[in-house]
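Participant: Letter by letter, the chains look like this.
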Amino acid sequence: MPRPSRSPETTPVVVSCCRTAIGRADRDTGMFRHVRGDELAATVVAAAVARSGVDPATIEDVLVGATQQRAELGGNVARSVGLLAGLPLSTAATSMNRLCGTSLQALAQACHAISAGAENVQVVAGIEHMGHLPMDSDLDIHPRAFAGSSRAVLSMGLTAEHLASSRGVSRRRQEEYALTSHQRATTATATGAFDSEIVPQQGLDEQGVVMLATRDQSIRGDTSLEAMARLKPAFLPKVGSVTAATSAPLSDGAAALLVMSEAEAKRQGLRPLARVLATAVVGLPPAVMGLGPVPASQKALTRAGLSLGDIGLIELNEAFAAQVLACLDEFGIDGEQVNVHGGSLAIGHPLGASGARIATTLLHAMHQQQVSLGLATMCIGMGQGIAVVFEAV
Amino acid sequence: MPEPTTDFTSLTLDYLPDDIAVVRVAVPGHSQNVITATFLRELGQILDHFAAVPPRGLILESGRPGSFFAGADIDRLNRLWELPEPEVADLCDRGRTLFGRLSASPWPSVAVIDGTCLGGGLELALACDLRVATDDPRTSLGAPEVKLGLLPGWGGTVRLPRLIGPGPALEMLITGDAVSGRRAATLGLVDACVPSVAARAAALRLLEQTVANANHTTRRQQQAEAVPLDADEKAFLEATTAALILGRTGGHYPAPLAILKTVLQGCELEAAEAAVGEREAFVQLTRSPVARQLVRVFLLGEQNRRDSGLSGDNQNNLSAPDPSAPDRSDSSKRDCRPAVVGAGIMGAGIVARHLRSALTTTLVDINAAALSRSIPDILAEAAWDRNARASDPQRAVELAGLLRSSTDLAAIAQADLVIESVIERTDLKRQVLSEIESMVAETTVLCTNTSTNPIATLAESLSNASRFCGMHFFNPVRRMKLVEVIRGPATSDATVATVVAHAKRLGKYPVVVQDSPGFLVNRVLTPYLHEAVELLREGIAPDRIDRLSRRFGMPLGPLELYDMVGLDTAFYAGLVMATAFGERIDASPVIPALVKAGWLGRKSGSGFYAYSGSGHDAPITGVNRQLADRLEPYRLPERSLRDEDIIDRLFLPMLLEALLVLDEGIVRESNDVDLAVIHALGFPAFRGGLLAWGDSLGAAQVIERLKRFADLGPRMTPPPSLLDHAATGRPFTTHFLS
Numbered sequence: 001m002p003r004p005s006r007s008p009e010t011t012p013v014v015v016s017c018c019r020t021a022i023g024r025a026d027r028d029t030g031m032f033r034h035v036r037g038d039e040l041a042a043t044v045v046a047a048a049v050a051r052s053g054v055d056p057a058t059i060e061d062v063l064v065g066a067t068q069q070r071a072e073l074g075g076n077v078a079r080s081v082g083l084l085a086g087l088p089l090s091t092a093a094t095s096m097n098r099l100c101g102t103s104l105q106a107l108a109q110a111c112h113a114i115s116a117g118a119e120n121v122q123v124v125a126g127i128e129h130m131g132h133l134p135m136d137s138d139l140d141i142h143p144r145a146f147a148g149s150s151r152a153v154l155s156m157g158l159t160a161e162h163l164a165s166s167r168g169v170s171r172r173r174q175e176e177y178a179l180t181s182h183q184r185a186t187t188a189t190a191t192g193a194f195d196s197e198i199v200p201q202q203g204l205d206e207q208g209v210v211m212l213a214t215r216d217q218s219i220r221g222d223t224s225l226e227a228m229a230r231l232k233p234a235f236l237p238k239v240g241s242v243t244a245a246t247s248a249p250l251s252d253g254a255a256a257l258l259v260m261s262e263a264e265a266k267r268q269g270l271r272p273l274a275r276v277l278a279t280a281v282v283g284l285p286p287a288v289m290g291l292g293p294v295p296a297s298q299k300a301l302t303r304a305g306l307s308l309g310d311i312g313l314i315e316l317n318e319a320f321a322a323q324v325l326a327c328l329d330e331f332g333i334d335g336e337q338v339n340v341h342g343g344s345l346a347i348g349h350p351l352g353a354s355g356a357r358i359a360t361t362l363l364h365a366m367h368q369q370q371v372s373l374g375l376a377t378m379c380i381g382m383g384q385g386i387a388v389v390f391e392a393v
Numbered sequence: 001m002p003e004p005t006t007d008f009t010s011l012t013l014d015y016l017p018d019d020i021a022v023v024r025v026a027v028p029g030h031s032q033n034v035i036t037a038t039f040l041r042e043l044g045q046i047l048d049h050f051a052a053v054p055p056r057g058l059i060l061e062s063g064r065p066g067s068f069f070a071g072a073d074i075d076r077l078n079r080l081w082e083l084p085e086p087e088v089a090d091l092c093d094r095g096r097t098l099f100g101r102l103s104a105s106p107w108p109s110v111a112v113i114d115g116t117c118l119g120g121g122l123e124l125a126l127a128c129d130l131r132v133a134t135d136d137p138r139t140s141l142g143a144p145e146v147k148l149g150l151l152p153g154w155g156g157t158v159r160l161p162r163l164i165g166p167g168p169a170l171e172m173l174i175t176g177d178a179v180s181g182r183r184a185a186t187l188g189l190v191d192a193c194v195p196s197v198a199a200r201a202a203a204l205r206l207l208e209q210t211v212a213n214a215n216h217t218t219r220r221q222q223q224a225e226a227v228p229l230d231a232d233e234k235a236f237l238e239a240t241t242a243a244l245i246l247g248r249t250g251g252h253y254p255a256p257l258a259i260l261k262t263v264l265q266g267c268e269l270e271a272a273e274a275a276v277g278e279r280e281a282f283v284q285l286t287r288s289p290v291a292r293q294l295v296r297v298f299l300l301g302e303q304n305r306r307d308s309g310l311s312g313d314n315q316n317n318l319s320a321p322d323p324s325a326p327d328r329s330d331s332s333k334r335d336c337r338p339a340v341v342g343a344g345i346m347g348a349g350i351v352a353r354h355l356r357s358a359l360t361t362t363l364v365d366i367n368a369a370a371l372s373r374s375i376p377d378i379l380a381e382a383a384w385d386r387n388a389r390a391s392d393p394q395r396a397v398e399l400a401g402l403l404r405s406s407t408d409l410a411a412i413a414q415a416d417l418v419i420e421s422v423i424e425r426t427d428l429k430r431q432v433l434s435e436i437e438s439m440v441a442e443t444t445v446l447c448t449n450t451s452t453n454p455i456a457t458l459a460e461s462l463s464n465a466s467r468f469c470g471m472h473f474f475n476p477v478r479r480m481k482l483v484e485v486i487r488g489p490a491t492s493d494a495t496v497a498t499v500v501a502h503a504k505r506l507g508k509y510p511v512v513v514q515d516s517p518g519f520l521v522n523r524v525l526t527p528y529l530h531e532a533v534e535l536l537r538e539g540i541a542p543d544r545i546d547r548l549s550r551r552f553g554m555p556l557g558p559l560e561l562y563d564m565v566g567l568d569t570a571f572y573a574g575l576v577m578a579t580a581f582g583e584r585i586d587a588s589p590v591i592p593a594l595v596k597a598g599w600l601g602r603k604s605g606s607g608f609y610a611y612s613g614s615g616h617d618a619p620i621t622g623v624n625r626q627l628a629d630r631l632e633p634y635r636l637p638e639r640s641l642r643d644e645d646i647i648d649r650l651f652l653p654m655l656l657e658a659l660l661v662l663d664e665g666i667v668r669e670s671n672d673v674d675l676a677v678i679h680a681l682g683f684p685a686f687r688g689g690l691l692a693w694g695d696s697l698g699a700a701q702v703i704e705r706l707k708r709f710a711d712l713g714p715r716m717t718p719p720p721s722l723l724d725h726a727a728t729g730r731p732f733t734t735h736f737l738s
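Going line by line, the protein sequences match chains L and R. Counted from 1, the first sequence has number 252 at position 252 by the numbering used here; the numbering is strictly sequential. Counted from 1, the second sequence has number 76 at position 76 by the numbering used here; the numbering is strictly sequential.
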């Protein structure tokens with residue numbers, strides 16, 4: 001397929017990207033239990049700006065995604081984050097929400113502005129503090145939104161169970177997948193693959209002593225199929241196949257990317273990491289929300305004039321092993337090039353931050369492994385999918 | 001307008017200007033409207049009249065304050081089992097066809113729902129084109145048929161999913177829980193929720209808009225068609241709902257699954273065809289024994305509500321007027337000044353229940369620390385919001401105004417009813433009761449919350465025992481609806497009537513029992529607990545015993561119950577029973593041995609099961625691994641028992657004990673036994689209670705099954721009354737007279 005040609009003035013590039021280590025959302029042991037969510041976001045925004053060498057005065061907008069925009073993440077948290085990060089008062093700020101796809105959406109939207117000739121230099125961030133702001137509190141979704149469905153689609157775990165049973169994904173296969181995720185993340189941590197993307201952030205260790213958080217807290221190098229097999233189903237008592245081991249852990253964390261046009265990067269003498277070739281979002285039945293990456297990726301790839309076979313590395317967010325496997329089956333791929341450093345099952349899934357987190361991990365991995373084309377894609381609760389296609393520069 | 005020629009007894013017809021008809025329903029002989037044969041006939045007649053003389057629109061409203069329609073006439077329901085299938089089907093067809101005439105009329109109709117709108121009442125409202133609900137707290141809309149083992153049979157399973165969507169409809173139909181007017185508006189179940197005073201005007205305006213735009217034709221089209229559902233959404237809805245139902249019912253209740261199937265199949269069909277499926281499902285449910293038992297259990301509760309607690313002539317000789325009489329309820333609530341002495345778990349639960357009933361209540365405990373510890377728990381429980389599954393902090397603050405707490409017993413001086421709820425030590429209880437008596441007026445009624453102390457013994461500490469009785473609540477007070485009202489030898493009828501009325505004010509089912517060891521509930525519970533330990537000694541695994549008990553339908557197995565109650569408490573209660581009924585229930589050596597080892601159950605972290613941590617909420621980790629060793633000295637010859645033998649071993653001695661209770665006149669009537677075991681022990685309602693379960697076997701079969709265990713001695717020996725039941729064929733339960 002022919003690739004659409006674009007002018008450097010309207011071609012978005014990512015200049016820098018980074019993330020915090022991902023903490024467990026645990027009141028007693030979570031390493032960010034005493035750190036506010038907006039501070040986590042400010043840490044990564046400041047780091048993304050500082051690492052890039054961009055002239056801060058040129059930053060026009062800050063886009064922050066968070067699924068729980070209240071309390072410490074309320075009141076247009078993006079503005080607080082910009083101010084906390086020391087960005088100029090002239091930098092604007094907006095907050096957004098596409099649930100789990102939130103910060104990939106923020107990235108997409110920044111790119112759309114660049115393509116449209118609107119705001120150019122922008123910081124994109126995602127943040128979630130599930131320990132401070134649980135995902136199910138203060139929620140009052142209109143019951144008629146479920147008229148043709150059921151309220152149970154709000155339980156992502158039940159939608160994973162539905163995919164497991166309707167698409168024939170066995171418990172054993174889910175556990176083997178989760179084990180691989182932990183093994184890959186353990187190796188990536190041990191070999192320093194995450195060193196370039198993780199910004200140290202002060203937190204607390206399990207004893208309550210101050211520490212610099214540089215490693216993801218939920219990765220378990222010692223887990224095994226035997227240990228996983230002992231767990232009870234987490235969402236469907238007795239008959240279910242989805243367990244805590246095959247579901248992404250509740251997490252706290254943040255990630256940020258600096259984007260601008262390719263021409264602006266050149267003007268400022270900055271070296272981009274990647275071009276953003278295409279983005280796409282889709283809706284689908286809420287009960288199969290876990291399959292969202294499939295139509296979203298197909299749409300984005302078509303827009304980029306590519307096919308899945310062209311893509312060297314894929315980050316497919318791991319909400320549940322059952323959902324990832326159902327997607328891989330639909331794509332007809334085995335997963336070798338998917339989540340090469342492990343995924344959210346091991347690293348953690350701070351909802352609003354995960355889009356920026358997987359994009360960050362993908363771009364660093366593309367450079368480490370000299371891969372040209374990459375895809376980041378996610379499933380989204382209540383039935384959506386999102387995908388972004390990158391080309392290394 | 002020409003008037004219909006017929007005289008109606010249950011409805012009136014008026015006309016507003018512009019030819020809007022208003023049909024107002026007030027079914028005679030009922031404080032709340034119920035759907036009677038007369039009402040249905042008259043509805044048909046008025047529709048005949050409208051066919052001849054069509055109005056521009058119809059407003060259907062109730063002439064009974066606080067009630068649109070409370071549902072079907074339960075006595076009619078209770079005859080369904082006797083009818084042959086075609087007659088039941090015909091009943092469905094006739095009701096549905098009648099309501100269908102409303103929705104097929106050339107003019108639109110609106111129901112004004114200011115009060116309860118349940119069951120058949122909801123189906124009637126659904127047959128109207130429009131519905132206006134009020135924000136009155138009494139307004140509630142629901143389909144409680146599932147709670148009686150049935151489903152709506154007059155088009156409810158067809159109309160509701162088409163109106164509000166299959167997912168929300170299934171939620172309402174399967175839980176049977178009613179929703180408020182406000183919630184109904186959010187769901188789309190009603191077109192508006194307005195204050196009562198504005199309801200008629202709102203109905204009229206909506207009706208005029210509908211007449212003007214002919215909106216009702218679009219709605220009727222939607223009601224007639226199949227419901228489009230995505231295949232994945234349908235599969236997901238079916239699987240998750242089925243899992244929810246099985247989790248909640250253990251598969252013992254056929255109605256929820258029948259509703260699920262009927263609604264989902266009905267969604268794929270046009271309404272007329274779906275109605276056939278509904279009728280078939282309804283007929284099948286009336287053939288299941290479960291519906292019959294659930295209706296019976298409902299009627300047991302209704303009978304209890306009407307019962308003063310006294311028998312026969314006594315009711316006419318009351319010195320005190322019956323405070324439960326509805327017309328006096330407001331003034332009696334104002335007059336009621338209850339007090340509770342003792343802020344332990346039971347005392348706190350009892351006080352919380354009082355606050356929920358909006359009664360200003362005094363709580364006294366001489367231990368200041370215990371008293372202040374209990375108050376947050378009391379308020380949190382009293383302010384519990386069932387829907388939010390959390391305590392409502394605002395409500396807790398409001399309710400705090402009703403709670404007076406003190407460490408000084410003098411605080412109860414003004415009380416007119418005092419419930420003593422200190423720990424189960426006879427000497428302490430006697431002392432406290434005597435002190436209470438010295439504090440209060442001569443007319444104050446005194447109660448003791450006890451499970452093991454004879455009322456007669458405690459009464460000895462009082463100078464006037466005629467105003468004293470037992471008032472035995474069950475743990476947890478918030479969940480267990482039964483209260484045993486125990487007559488002591490000197491208790492007066494007036495005292496019994498006052499305490500019975502007070503228990504009802506607390507939303508409880510009071511059952512009056514005679515003063516006898518274990519009273520009613522613990523008396524029939526003990527053989528079951530005792531038998532579980534005997535089975536253990538014979539080598540049956542503890543989790544197998546509990547699993548089978550739960551499969552029978554109990555909420556907890558007997559050994560789980562031991563652990564929850566506390567083995568020390570159970571030991572003491574068992575001792576009382578063994579002393580009284582040692583021939584059948586000997587004091588098992590196992591429990592004291594475990595208590596001696598410090599195994600007190602969940603609160604100590606180990607009992608028959610092991611727990612991670614200790615305390616009320618400690619999660620179970622599995623069977624206590626050291627149990628086998630502990631049991632070693634007490635082993636009985638091993639028996640190989642089938643699952644059904646184990647179930648018989650657990651429940652037949654319970655049935656025999658209940659027959660003895662009846663023989664001894666401990667309860668006033670046999671129905672009280674079933675009401676009590678359901679609402680105090682969680683005995684499965686789908687079995688209708690202990691005696692109804694016995695009836696399902698039949699006395700002869702019970703005797704036959706007991707023969708297998710004859711070598712176990714007197715506890716498996718049929719009492720004479722059982723032989724008599726077998727000989728005469730007389731059932732254990734009493735039939736309801738309708």
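Hints in this document: simulated from the structure, not taken from any laboratory. Don't be surprised by glycine CBs; every beta carbon is placed ideally from N, CA and C. Mixed in with the good hints there might be a few duds.
What the hints assert, rightly or not - Dumping the calculated SDA-like pairs for lysine to any residue here, alpha-carbon to alpha-carbon at most 20 Å:
#: 1; chain 1: L; residue 1: K232; chain 2: R; residue 2: L246
#: 2; chain 1: L; residue 1: K238; chain 2: R; residue 2: A578
#: 3; chain 1: R; residue 1: K234; chain 2: R; residue 2: V290
Said to hold, decoys possible - Chain R side only, calculated, beta carbon under 8 Å to chain L, not exhaustive:
#: 4; residue: A185
#: 5; residue: T186
#: 6; residue: A226
#: 7; residue: L229
#: 8; residue: S516
#: 9; residue: P517
Participant: Does V290 of chain R sit within 20 Å of K234 of chain R, going by the straight-line distance between their CA atoms?
Facilitator: violated, 28 Å
Participant: Can the restraint linking K238 of chain L and A578 of chain R be considered satisfied, given a maximum Cα separation of 20 Å?
Facilitator: Roughly 40 Å between the alpha carbons, so the hint for K238 of chain L and A578 of chain R is violated.
Participant: Given L229 of chain R as an interface hint, is its Cβ closer than 8 Å to any Cβ of chain L?
Facilitator: holds, 6 Å
Participant: Are A185 of chain R and chain L close enough, Cβ to Cβ, to be under 8 Å, as the hint says?
Facilitator: violated, 11 Å
Participant: Can P517 of chain R be said to touch chain L, with a Cβ gap under 8 Å?
Facilitator: violated, 40 Å
Participant: Taking 8 Å as the limit, does the beta-carbon of S516 of chain R come near enough to a beta-carbon in chain L?
Facilitator: violated, 42 Å
Participant: Need the status of pair K232 of chain L, L246 of chain R: alpha-carbon distance at most 20 Å?
Facilitator: holds, 17 Å
Participant: Report holds or violated for the interface hint on A226 of chain R, using the least CB-CB distance to chain L and a cut-off of 8 Å.
Facilitator: This hint is violated: A226 of chain R lies away from chain L, its Cβ roughly 13 Å from the closest one there, beyond 8 Å.
Participant: At a threshold of 8 Å, is the proposed contact between T186 of chain R and chain L supported by beta-carbon distances?
Facilitator: holds, 6 Å
Hint violations for this structure: numbers 2, 3, 4, 6, 8, 9, all remaining hints satisfied.
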